[in-house]
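Based on the provided sequences and hints, a complete structural model is requested.
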Amino acid sequence: ELFVLTYGALVAQLCKDYEKDEDVNTCLDRMGYGIGVRLIDDFLARSAVKKCRSYSETADMIAQVAFKMYLGVTPSVSCSSAAGNEFSLILDKNPLVDFVEELPAERASLCYCNLLCGVIRGALEMVHLAAEVTFLQDRLKGDAVTEIGITFLRKAEN
Amino acid sequence: RFTKDTARFKDELDIMKFICKDFWTTVFKKQIDNLRTNHISVLQDNKFRLLTQMSAGKQYLEHAPKYLAFTCGLIRGGLSNLGIKSIVTAEVSSMPACKFQVMIQKM
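Residue numbers (UniProt numbering), protein chains in the order written: chain Z, 1 to 158; chain F, 1 to 107.
Derived from the structure by calculation, the hints contain no laboratory data. None of the values given here were measured: they were computed from a predicted structure. There's no promise every hint is true.
In the DMTMM-like style, the derived pairs of lysine to aspartate or glutamate whose C-alpha atoms are separated by at most 20 Å in a straight line are [unchecked claim]: (1) F:K85 - F:D33; (2) Z:K16 - Z:D60; (3) F:K21 - Z:E1; (4) Z:K68 - Z:E102; (5) Z:K141 - Z:D98; (6) F:K4 - Z:D98; (7) Z:K141 - Z:E125; (8) Z:K93 - Z:D17; (9) Z:K68 - Z:D42; (10) F:K4 - F:D22; (11) F:K29 - Z:E1; (12) Z:K16 - Z:D42; (13) F:K30 - F:D14; (14) F:K30 - Z:E147; (15) F:K4 - Z:E1; (16) F:K66 - Z:D92; (17) F:K30 - F:D11; (18) F:K106 - F:D11.
Residues from chain Z that keep clear of chain F, each with C-beta distances beyond 12 Å, as calculated [said to hold, decoys possible]: (19) E1; (20) T6; (21) A9; (22) L14; (23) D21; (24) C52; (25) Y70; (26) V77; (27) I90; (28) E125; (29) E147.
Where a beta carbon is used, it is the ideal one built from N, C-alpha and C, also for glycine.
Following this line, the structure appears as structure tokens:
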């Protein structure tokens, strides 16, 4: 609860600091990135997982191990491109929004959980996987589900 | 939220003890090590969890206050909702030990 309330206070403060939703979203993503590049060490140390050999394994790892470890939930994963590099994580439960009823009218474009996108992006970069991570759907915005899209870009030279 | 089911507090000292034991344990997984109350209540935590990863001594000392400000606010907010108006400051001389000073304001 403390974590969720703290996150809410953070987003609320950013909303005071920045007028435009896009700026808050960018800030959250940047903060998330800073967390992700460090969190990956903690994740690898605590999970002791073996190296992922495919994008699909990586996406599964994020959803089933990392999300479980840090947020206590397991989003479902599906591959959304024939090329095998686009994945979608559907969050049934999202603890970060436990105390959020709905976005205020003047903040309709706010990606409340955008921090998560930055975290995933930062963590992947540290294991030499460049990726774009965004919210494709968001229950807070009225969509049916909350969906995070991960698109793996070309693999960096190891 | 934490105090939903607790009995009413007898006095300010009771509230400070609650902060030192129950509140601190729930938030930081340990109790306050030392509480002194004269006019100002001083809560001493010898192994403050937000500082343990930072240094074990004087290194980065000038940056420590930034990481304590949030906790000062947390204490002040908690006390405020329990009916106590206060000013909370923090002091570090050697990490990871730190002291939170609570100045209760008579309304």
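- Message: I'd like to know which numbered hints this structure contradicts. Please list them from smallest to largest.
- Response: As far as the earlier hints go, 1, 2, 4, 7, 8, 12, 14, 16, 17, 19, 20 and 21 are violated by this structure, in ascending order.
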